[in-house]
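Engineer: Here is what each chain is made of, one letter per residue.
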Amino acid sequence: MKKRKASLSFIITILVVGLVTLFLLWSTFFFLSLYVSSMKQAAQTSSEQAVTQASNAISNYIGDMQEIMSLIEKNLTKSGEKSDQTLETLCNVRSDLVAVYIYDEQGRLTDSYTGTHTLKEHYLKDLSYIALDSYNPDVLYLSEPHVESLLQDYYPWVVSVLQELTGADGQRMRVVIDIRFSKISDYVDNVGIGQHGYCFITDSNGEIIYHPQQQLLYSGLKKEATAGLDLSSNGSFETDDLICNVRSLDNCDWKVVGVSYISELVTAKEMELLGNICVMLTIILLVTMLVSFLVSRLVTNPVQRLIRAMGEFEKDAAGYVYRPVEGTMEIEALSQSYEHMVRKIQKLMNQVRQEEISLRKTELKALQAQINPHFLYNTLDAIGWLCEEERCQDAVEMVNALAKLFRISISKGHELITIQKEVEHARSYLKIQNFRYKNQFSYDFQIEEDCLQYYCNKITLQPIIENAIYHGLDRMVDEGHIQIRIYSEGEDVIFRVEDNGVGMSEEQCRSILHKEPGDNSGIGIKNVNDRIKIYFGKEYGLSIESELDVGTCVTIRMPKVEENAAAGWEKV
Amino acid sequence: MRNKIRKKILSLLLAGILAAGLCGCGQEAETQKTRVAVIVKSTESAFWKSVFAGAGAAATEYNINVSFDGPAAEEDYETQNEMVRRAMDDGVDVIIFSAVDYNANAEIIDQAAQRGIKIIVIDSDVNSSQVSCRIGTNNLQAGIKAAEAALATDDEELYIGIVNYDVNSANGQQRELGFRQTVEQDPRVKNITTINVLSTTEDARAGAKEMLLSDSRINVVVTFNEWTSLGVGWAIRDLNRADRIQVVAFDSNVVSVGMLETGEVDALIVQNPYAMGYLGVETAANLMNGQTGGPSVVDTATTIVTRENMYEPESQKILFSFEEEGY
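Chains F and B supply the protein sequences, listed in that same order. The first sequence runs 1 to 572 under the UniProt record's numbering. The second sequence runs 1 to 327 under the UniProt record's numbering.
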């Protein structure tokens with residue numbers, strides 16, 4: 001058996017699904033990479049915005065400090081009491097101002113404004129003063145964060161802001177403001193970049209000034225994620241997991257660093273998207289599979305029906321009944337063409353068959369028309385001999401019989417004649433032969449009157465009688481007898497010719513039915529049989545029963561053909 | 001036959017689409033916030049406030065509900081048991097516990113554990129085998145550090161007075177044990193006296209004063225928690241013996257830091273309460289997320305801070321809480 005090829009439906013499904021998969025994968029990849037890069041861009045932008053926002057706020061705050069400094073300077077140039085009052089009030093009102101300290105040029109603490117807290121009498125260490133080699137009066141100096149060490153029972157973490165100012169009498173003094181982180185933390189803590197991103201402040205050395213999780217860092221529970229990274233230059237950069245954004249402040253040497261997590265801002269969203277896409281992809285693929293399966297079925301089902309129809313036609317071309325195949329326009333067109341073809345073929349087949357039959361009929365007719373010359377010669381010879389003996393009556397009878405024989409033989413060219421005429425034909429023939437054989441045999445007819453009206457092929461009985469005479473009776477010593485019976489049996493008419501001659505072997509019987517007639521016999525038994533079958537079908541025809549030394553019985557079966565139907569049967 | 005296969009394929013496809021659809025719109029179950037009860041010895045001291053601050057920070061970070069509770073008196077284990085019971089009835093997921101009494105708190109903790117509540121001990125241990133994790137100072141080690149700080153004095157003969165708190169509190173006893181084991185090896189140590197006081201400044205002040213007055217030879221005083229440290233500091237200040245007596249105290253408090261600066265206290269053994277609180281809640285979060293197999297004991301470091309190094313940047317970070325507003 002030859003290897004089964006893949007069906008069209010399968011190929012279409014695979015092809016469509018494959019193409020869709022390929023396209024989807026490609027577009028997913030493309031879309032994802034686009035998405036990731038735009039997400040990164042967005043993350044960077046939002047980080048940048050957050051940092052800008054925070055740094056602006058802190059810049060403003062530092063500017064605020066500058067203003068306070070100039071306020072202090074203004075106060076210092078005024079005289080005594082009133083300025084003290086103002087500074088105390090300032091420390092009390094502004095919760096972020098812990099204290100204001102004033103140092104002389106040698107760095108000795110000369111004055112302090114500490115609000116509600118009191119200055120220690122003996123302090124162990126002064127962490128607020130920023131000792132430098134030289135001071136630029138226009139610059140604010142900021143310390144690292146430290147604990148306020150000068151106040152009693154109050155140890156907040158502060159940043160010291162120092163500026164050199166000029167007092168009322170022209171002496172230079174260094175003013176330090178200790179500020180708590182409360183304001184700064186407000187600015188920084190509220191900056192969120194994504195869910196976990198944050199900002200923090202460092203100084204130019206990278207020391208952390210303020211961090212939202214400063215206590216965690218101080219407790220040693222966490223380390224800043226950017227520790228070890230170079231944060232010296234402004235701008236943003238990426239590590240494997242972080243997006244960092246560094247921005248220096250305008251009015252001091254602090255920097256604001258924004259840190260956000262790629263995993264959170266990009267990767268998590270990417271994964272989420274990927275998950276969604278996967279679900280969508282699966283659905284699309286399944287739908288595609290289903291649709292392409294259905295579509296392909298739409299195409300292949302009618303095609304398969306068409307194939308089946310063709311198969312049926314192949315098996316039985318003549319008996320095939322066409323049923324139209326429904327489907328798409330193309331399929332229907334195909335189906336119609338096929339129908340057309342089937343009709344045409346069937347018509348042609350019919351035509352061929354008809355032509356064949358008519359050819360055969362014509363052929364048989366041509367044979368019928370032939371007159372056995374020996375028979376004619378012998379008969380004429382016999383008639384001549386009768387005339388010589390002046391047996392006029394007999395000669396007239398013979399001539400009449402011969403004339404009848406020929407007239408019926410010709411029958412105006414009709415093939416079918418009434419059984420009555422056929423019987424007359426047989427009688428004429430028997431009369432002639434009986435005369436010729438000098439009454440060596442006798443014969444009789446037993447005919448049902450009803451059957452006479454029906455039609456039969458002409459020259460049906462004569463060849464059989466001829467056969468009975470030549471092969472059965474001729475060689476007999478005793479008187480032979482031929483009995484001819486015609487009777488109806490159901491819808492059929494049966495002709496039966498019996499003789500009591502020498503009989504035939506089975507082989508002879510068969511050969512008579514099959515061999516072509518020789519030269520001497522005009523129309524053979526085979527011819528009779530063939531004609532009946534051609535005209536009426538296979539179930540009709542001739543059968544021979546014979547027994548050696550007993551006799552032969554030839555039976556012919558024919559349908560009852562009415563007069564009006566005869567013309568139809570005869571038509572070619 | 002073929003038709004059957006086709007039908008099967010068709011139904012499979014449909015089932016697949018349906019399943020995919022269901023997956024797509026399957027709602028994410030909203031997870032209940034983990035609830036953690038932090039039940040400790042006291043709510044007033046700077047130490048516990050720092051614990052709460054740490055716990056609060058972790059709670060924010062891990063999105064956990066945390067409640068804080070502690071008895072008014074640091075000896076009141078019954079109230080503490082009552083608090084545990086209340087937390088159990090509230091249906092908390094995790095109890096972060098610091099035991100007033102090593103044995104007296106054990107039963108209720110076992111009960112809570114049986115109900116499926118995870119137990120995390122911070123600072124002071126409880127006699128229970130159901131504890132998932134113990135976080136805190138290695139108290140024996142802390143005692144040894146206190147001993148080192150105490151022995152840093154130049155005096156040739158040492159008469160040591162120990163002002164310890166409740167004898168049933170596990171961590172106090174551990175610290176004393178570590179301390180005694182270390183100083184007993186020093187030949188200069190002539191005598192060690194221990195008194196146990198209530199964990200209040202006043203009681204410790206009175207107790208210390210009485211001890212110092214009854215034995216004037218005492219030139220080293222050691223005490224093991226925040227309140228007793230203040231009491232001892234006040235007693236020294238009252239008796240004006242700051243110069244004579246080497247005082248080693250525990251924990252960082254605004255007052256005790258001031259005393260360190262002014263000399264009543266010579267060394268502070270500073271623990272990391274913020275880390276205890278933070279790690280406690282972090283561990284709770286991990287336990288609730290099903291991450292087991294973390295360490296069963298976490299040692300938060302202790303540091304000796306003296307007058308000389310108290311304003312060093314590193315000491316500042318340890319000594320002074322950045323988050324002044326507390327929790």
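Certain hints may be false.
Straight-line distance between alpha carbons at most 30 Å, and here's what the computed DSSO-like set of lysine-lysine pairs gives [said to hold, decoys possible]:
(1) F:183 with B:317
(2) B:33 with F:125
(3) F:222 with B:33
(4) F:361 with F:533
(5) F:222 with B:317
(6) B:209 with F:223
(7) F:223 with B:317
(8) F:120 with B:33
(9) F:269 with B:33
(10) B:33 with F:526
These stretches of chain F come out as covered by chain B in the derived footprint (C-beta under 8 Å, 3 or more residues) [claimed, not checked]:
(11) 140-149
(12) 154-166
(13) 213-224
(14) 394-405
Selected chain B positions facing chain F (Cβ under 7 Å, derived; list incomplete) [what the hints assert, rightly or not]:
(15) 68
(16) 72
(17) 115
(18) 155
(19) 159
(20) 234
(21) 258
(22) 272
(23) 311
(24) 315
(25) 322
Hints are computed from structural coordinates only; laboratory data are not their basis. Here the structure is a predicted model, which is why all the values come from computation and not from measurement. Where a beta carbon is used, it is the ideal one built from N, C-alpha and C, also for glycine.
Engineer: If a hint holds in the structure, say so; if it does not, say that too.
Structural biologist: Hint-by-hint comparison with the structure:
With a C-alpha separation of about 20 Å, the suggested pairing of residue 183 (chain F) with residue 317 (chain B) holds against the 30 Å cut-off. At roughly 47 Å between alpha-carbon atoms, residue 33 (chain B) and residue 125 (chain F) are farther apart than 30 Å, so this suggested pair is violated. In summary, the hint linking residue 222 (chain F) to residue 33 (chain B) is supported, as the alpha carbons are separated by about 24 Å, within the 30 Å threshold. For the hint linking residue 361 (chain F) to residue 533 (chain F), the alpha-carbon distance of about 11 Å falls within 30 Å, and the restraint holds.
With a C-alpha separation of about 13 Å, the suggested pair residue 222 (chain F) and residue 317 (chain B) falls inside the 30 Å cut-off, and the hint holds. In summary, the hint linking residue 209 (chain B) to residue 223 (chain F) is not supported, as the alpha carbons are separated by about 44 Å, beyond the 30 Å threshold. Straight-line distance between C-alpha atoms of residue 223 (chain F) and residue 317 (chain B) comes to about 14 Å, which keeps the hinted pair within the 30 Å bound. Taking the CA atoms of residue 120 (chain F) and residue 33 (chain B), the gap is near 48 Å; set against the 30 Å cutoff, the hint is violated.
The suggested pairing of residue 269 (chain F) with residue 33 (chain B) holds, with an alpha-carbon distance near 23 Å, which does not exceed 30 Å. Between the alpha carbons of residue 33 (chain B) and residue 526 (chain F) the distance comes to roughly 110 Å, so the proposed pair goes past 30 Å and is violated. A stretch counts as covered by a chain when three or more of its residues have a beta carbon under 8 Å from one of that chain; for the region 140-149 of chain F and chain B the count is 4, and the coverage holds. For a cut-off of 8 Å, the count of residues in the region 154-166 of chain F with a CB near a CB of chain B stands at 4, and the three-residue condition holds.
Residue count for the region 213-224 of chain F with a Cβ under 8 Å from a Cβ of chain B: 8. That meets the three needed, and the coverage hint holds. Residue count for the region 394-405 of chain F with a Cβ under 8 Å from a Cβ of chain B: 0. That is fewer than the three needed, and the coverage hint is violated. Checking residue 68 (chain B) against chain F by beta carbon gives a least distance of about 17 Å; that is not within 7 Å, so the hint is violated. Interface hint at residue 72 (chain B): violated, since its Cβ lies 24 Å from the closest Cβ of chain F, which is beyond the 7 Å cut-off.
The beta carbon of residue 115 (chain B) is not positioned within 7 Å of any beta carbon in chain F (closest approach about 30 Å), and the interface hint is therefore violated. Taking 7 Å as the C-beta contact cut-off toward chain F, the hint placing residue 155 (chain B) at the interface is violated, the least distance being around 23 Å. Nearest Cβ of chain F to the Cβ of residue 159 (chain B): about 28 Å, over the 7 Å cut. The hint is violated. Interface restraint check for residue 234 (chain B): the shortest CB-CB distance to chain F comes to about 14 Å, outside 7 Å, so the restraint is violated.
Interface hint status for residue 258 (chain B): upheld, as the beta-carbon distance to the closest one in chain F is roughly 5 Å, under 7 Å. The criterion of a C-beta within 7 Å of any C-beta in chain F is met by residue 272 (chain B), whose closest approach is roughly 6 Å, and the hint holds. Among the interface hints, the one on residue 311 (chain B) holds; its C-beta lies about 4 Å from the nearest C-beta in chain F, closer than the 7 Å criterion. The criterion of a C-beta within 7 Å of any C-beta in chain F is not met by residue 315 (chain B), whose closest approach is roughly 9 Å, and the hint is violated.
Interface restraint check: residue 322 (chain B) against chain F, minimum CB-CB distance 4 Å, threshold 7 Å, status holds.
Hint compliance for this structure: hints 2, 6, 8, 10, 14, 15, 16, 17, 18, 19, 20, 24 are not met, and every other hint is.
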